[in-house]
Structures are given as structure tokens and as C-alpha cells.
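Visitor: So the chains spell out like this:
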Amino acid sequence: MVIMIKYIIRRMASIIPVIIGITVLIYFVMSFSPGDPATMMLGSAATPEAIDQLRSELGLDKPVLVQYLNYMKSLVKGDMGRSYITNNTVVSEIISRLPVTLKLAVLSIGLAVIIAIPIGIICGVKPNTLMDGLSMIFTLIGVSMPAFWLSLIMILIFSVSLKWLPAGGSDTMKHFILPAVTLSFGSMAIIARTMRSSLLEVIRQDYITTAKAKGVPKKMITRKHALNNALIPTVTVIGLEMGTNLGGAVLTETVFAMPGLGRLIVDSIKNQDTPLVLGGLITFAVFFSLVNLVVDILYAFIDPRIKSQYK
Amino acid sequence: MSVSEEVIKNSKPYKKQSQTKEIWRRLKKNRFAMLGLIILIMFVLLSIFADFIADYKEVVIKQDIKNRLQPPSSEHWFGTDEFGRDIFARIIHGTRISLYAGVITVGIGLIIGTALGAVAGYYGGIIDNVIMRFLDILLAIPNILFAMAVIAALGNSNLNLIIAIGLANVPKFARIMRSSVITLKDQEFIEASKAVGASNYQIIIRHIIPNCLAPIIVQTTLRVAFAVLSISGLSFLGLGIQEPVPEWGSMLSGGRRYIRDAGHLAIFPGFAIMLLILSLNLLGDGLRDALDPRLR
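If you read the protein sequences in the order shown, they are chains A and B.
If you're matching positions, the first sequence starts at 3 in the numbering used here and goes up one per residue.
If you're matching positions, the second sequence starts at 10 in the numbering used here and goes up one per residue.
Source of the hints: derived by calculation from the structure; they are not laboratory data.
Beta carbons: idealized from backbone N, C-alpha and C, even for Gly.
Mixed in with the good hints there might be a few duds.
Below, computed lysine-lysine pairings styled on DSS-like, alpha-carbon distance capped at 30 Å [claimed, not checked]: (1) 128/A x 38/B; (2) 226/A x 216/A; (3) 216/A x 75/A; (4) 226/A x 79/A; (5) 64/A x 75/A; (6) 165/A x 105/A; (7) 71/B x 272/A; (8) 128/A x 37/B.
Not close to chain B: a few residues of chain A, all C-beta gaps over 10 Å, as computed [claimed, not checked]: (9) 5; (10) 51; (11) 108; (12) 112; (13) 117; (14) 205; (15) 208; (16) 218; (17) 282.
With the sequences and hints as input, model every part of the structure.
Guide: Structure, rendered in C-alpha cells:
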């Protein structure tokens, strides 16, 4: 247990170089942006003296490297700066938008897992049947269908024609149904495919043949021997899909007009609001890394060989 | 004539099967892969002969406000958009945009990614560490957000869009190349090349990269699908290819505004995107199976 805790702390510490790397990359990429943030904040009616004064206050007259180091000093204290457009703190903007994105990502991945894993298991246990064929077609279409197009089709059917569900907003849980289903579709396809192929691979192993020869019932073979081993690659994919859904929320939030973090970043990029862009991307990176950490911890519980490495 | 003489007389001479023919033979057996290939060829032909099907200036970009938002009819098979332009003609010309941009962006990722991966895998040590940590940073940022940040910084143009998505393709190719190189570099034929005095550059270019082609070919096909999706996604957000160029994603963006009155604007461009990506995924999966050495 102590070793497990040490492993978790070490992995969390490894997120720090990734965050530093992201800040360096994005800060220097955004430094090439045309336009002056001080002019953007004050507007075109501002005098040159006022613009120069604001540039000096914000440290924008210093070299990019010095600006970056000042930003990092503030970041360590939890200060991500202020938005060039709204002048609100970046932290408050992110906190106000994050719950919508997290709710959407968790709902979509939850829905994907609940539907995809049973489908993958059934197809893996009974390959080359009608069910298997139909689910393979579904998965192929699922991975090929653009999420933003599926969003529009869902709105067309369920909001415009049937008028069952709202087309935009995030006030109630009803507003999350269409976006979550849309976002889960691609993940469902990938998770089902992975579950099926890894189960097929495991079922071909010698120890499964031995279990069958010993007369162990098929359901017990699947549940006790095959499933745990087949889950390892599936858990990896679920973790990756969670990260993909965090990023994919960008388009879904835009189509469904949801006030989430993805949409905030899109608008900030269009407005060249560098502090918000940086803050949003750092938040995404931290969550993505945390998801990977959870996946790694789950490995240890699923596979005793990995757990034993930490004893 | 003895039995053995008769056997020799009647048997066909042995012909060594070329690897390409063997791969093609295995690919032909896969019905889904063939379906994907046929659909892809159809798209390629449409992009080549687009100008013969519909004139670009007179039909694709010319506005005809009197005929705006018309539903599908015999005159306009997929209807007209908010500016009265024929949607079918715009989808045909959009094929060209999607395919060209998709291939070029993947080309950028392929060249830079395979070079980085080959160097990281071959030399190992600190070079490998630095390159892989840089790629980890790129992978930690969702692709579409990174591409948006690059476009915001460099400006909204087709060239910057291609650079942005091209860079987003680099980590995948680099990782595949690196893992293939790590597997190969300790093989005896590499050791033999070093023993006869081949330089590292010669070994990487002449021996290692050609032996790593199978996974790279598969990934290239699949990444073109990803590139098409990314380009249409960014154009949908207004950060990609700009009007009046008939890009499928920007057509859907226009369709979104009129979804209540003209739903057909939201159907056909998206279906084209899905069909192209599906064909590339089917072909990529088929190539993966055909190139798998375990199935030989």
C-alpha cells in the first residue's frame, strides 16, 4: 500500500514537466500572434500613451522569455493572470466553465463504457455471428462519423422534428442528453472494437484451452480467466477516450451552445486572449494526465503481475 | 518414363511470388478493404474530374440568392445553400480540397515524424529522451486545440491550417517509427552493415526505414482520415478553410444556422465526410491485416 502511494505521488510529480513543456510550447506559439493585447483591451479609442502604460503594467514591453518567466512565477502561486477581453481572472473563468465540460466528458465516457463493454464481450465470445457482424458495422460507422455532424443530425431529429429534447444550453440534465450521446458514439465504437479484439486474442491462449479441456463452464472461463486479461488494453483505450472526449467536447459544446471550457478556449483563441488559452490548455493537460494516472492505478488492480512490481 | 520423370514433366516451374503481389492478393480477399478502396477511388476520380462535372466559377461559388435554401430536386440534387449555390457541385469540388489537404498534412507529419522517430530509436539515450518528452507534450494537448492555437498565432490561412494539422500528425508517426527501429537496430543484418563500414545515415535510410514501412503505410492511411476530420472540424469552427472555397466542414457550419428551415444543409456534406473517412478506415484496417507478418 505504501509503495502504491509512493508510485501515485511519483506519477503526479511527473505531470509537472509536462505542464512546463505545454506552457513553453503554447506561450511561444502564441507570442507570434499578430495584434497587441493592450490595444485589444483598451480598444481603438485609447491614446498611444494609455496603451504604452498598460503594456508596461502588464509586462508586455519585456522580452518574451522574461514575460514567460513572470507567468510561471505567478502560475506557481495559482495565479493564471487575467483575460485580455473580460479582465476577469483566468482561474474564475475556468472554474465557472469546467463543471459543464467535466459533466459532459464523464457522462459520455460512462455511457460509452456501459454500452460498449457488453457489446464487445458478446462479440468476442461469439465471433462471426449476426450480432458480431452488425456491431462491427456499427463500430466502423461510429469511428468514421464526425461528432459535429452527428450533433447536427441529433438536433434535426430530436429537437427540430420530434421536439423531445432541447437543442442547446446546459441548465438541466435534459440539456446534456444529446451532447453526451453524440460524444459517446465514437468512444463506444472504439471501446467495443478493442474489447472484442482483445477478448478474441485472450481466448486463443493456451491457458484458456486448458481450462476448456478441464471442463470449466464457458461463462466461468470468460468471467474468471479471459475478462481480466482482455480488460487491460480496453482500460487503456477508455483512458485515451476520456482524453479525446475532453478535447472533442470543444466541437460538441460549440454545436450545442454549452458554456464549457472547450468553447471558452475556442473563443479565446479566436480573440487571441493568450492568458485564457494558456490557462485552458494547462487545465486540459492536467486532467488528461490525471486520467492516465487513474488508468495506470487501475492496471495494478486488474493485473496482479503489475501490482507485484510495487511490492 | 519413370514416376519421378513424369512428376517433373507435369509440374509447373516455381515462380517466386513478389511481396507486393502477395500483399495485394491478401488485400483482395478482404471484402471490406476492397469496398473502402473502391469508395476511395471514386472520391479520387471525382476530385480529378470535378471541373467537368460542375464549373467552379459559374456553379460552385457563384451566388444566386433567388434560389437560396431550396430542398433537393431534379435540378439541384442536394438542394441549394444559403447563397443559392448547388450543394452537390460544392460537395464534388470539396472532395478535391479534403483529399489534397489531407494528403499534404499527412505528408508533413510523415516526413518529420519518421525522421524524429528513426533518430530517437536508433541513437537512444539522451536524444531519445529529449525527443520523446517533446512528443509527450504534443500528445498531452488535444490535437484540435493545438492546431487552433497554431492557427491563432500564425493567422487564419490555408497554409497555416496545413502546417498546424501536419504538426499534430508528427507524434503518431514518430512513435511508430521509434518502436520499429528499436526492434530492428539490434538485428544481425544491421550489425553486419556496421561491420562493413556503413554510416549511421546509410543504415537508417537504406536498411531501417524500408523495413519499418508496413506499420507506417497503415498509419498513413488512417492519419489521412484523421486529417480530413480535423480540417473539416476546424473549418466548421471558422478556423480552417474560408468561404467561398467549398470545404465540407464550413458547409456544415453554414447549415447549422439554417437547421430549422433547411435541414438538408446539415445532411449531405457530413455524409460525404463520413463516407471518405469510412473508406480510409476500411482500407487502413485491410492493409494492417494484409501486411501483418503473422498471417503470412
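Visitor: Indicate, hint by hint, whether the structure satisfies it.
Guide: Hint by hint, here is what the structure shows:
1. 128/A x 38/B: Measuring from Cα to Cα gives roughly 23 Å; hence the hint holds.
2. 226/A x 216/A: holds (14 Å)
3. 216/A x 75/A: Violated, at about 65 Å.
4. 226/A x 79/A: Violated, because 49 Å separates the two Cα atoms, which is more than 30 Å.
5. 64/A x 75/A: The given pair, whose Cα atoms are some 15 Å apart, holds under the 30 Å limit.
6. 165/A x 105/A: holds (24 Å)
7. 71/B x 272/A: holds (28 Å)
8. 128/A x 37/B: holds (26 Å)
9. 5: Given that every Cβ of chain B is farther than 10 Å from that of residue 5/A, nearest at about 25 Å, it holds.
10. 51: holds (28 Å)
11. 108: At roughly 17 Å from the nearest Cβ of chain B, residue 108/A sits farther out than 10 Å, so the non-interface label holds.
12. 112: holds (20 Å)
13. 117: holds (20 Å)
14. 205: Fine: 17 Å to the nearest Cβ keeps residue 205/A off the interface.
15. 208: Check passes; 17 Å lies beyond 10 Å.
16. 218: holds (28 Å)
17. 282: violated (8 Å)
In summary, the structure is inconsistent with hints 3, 4, 17 from the numbered list given earlier, while agreeing with the others.
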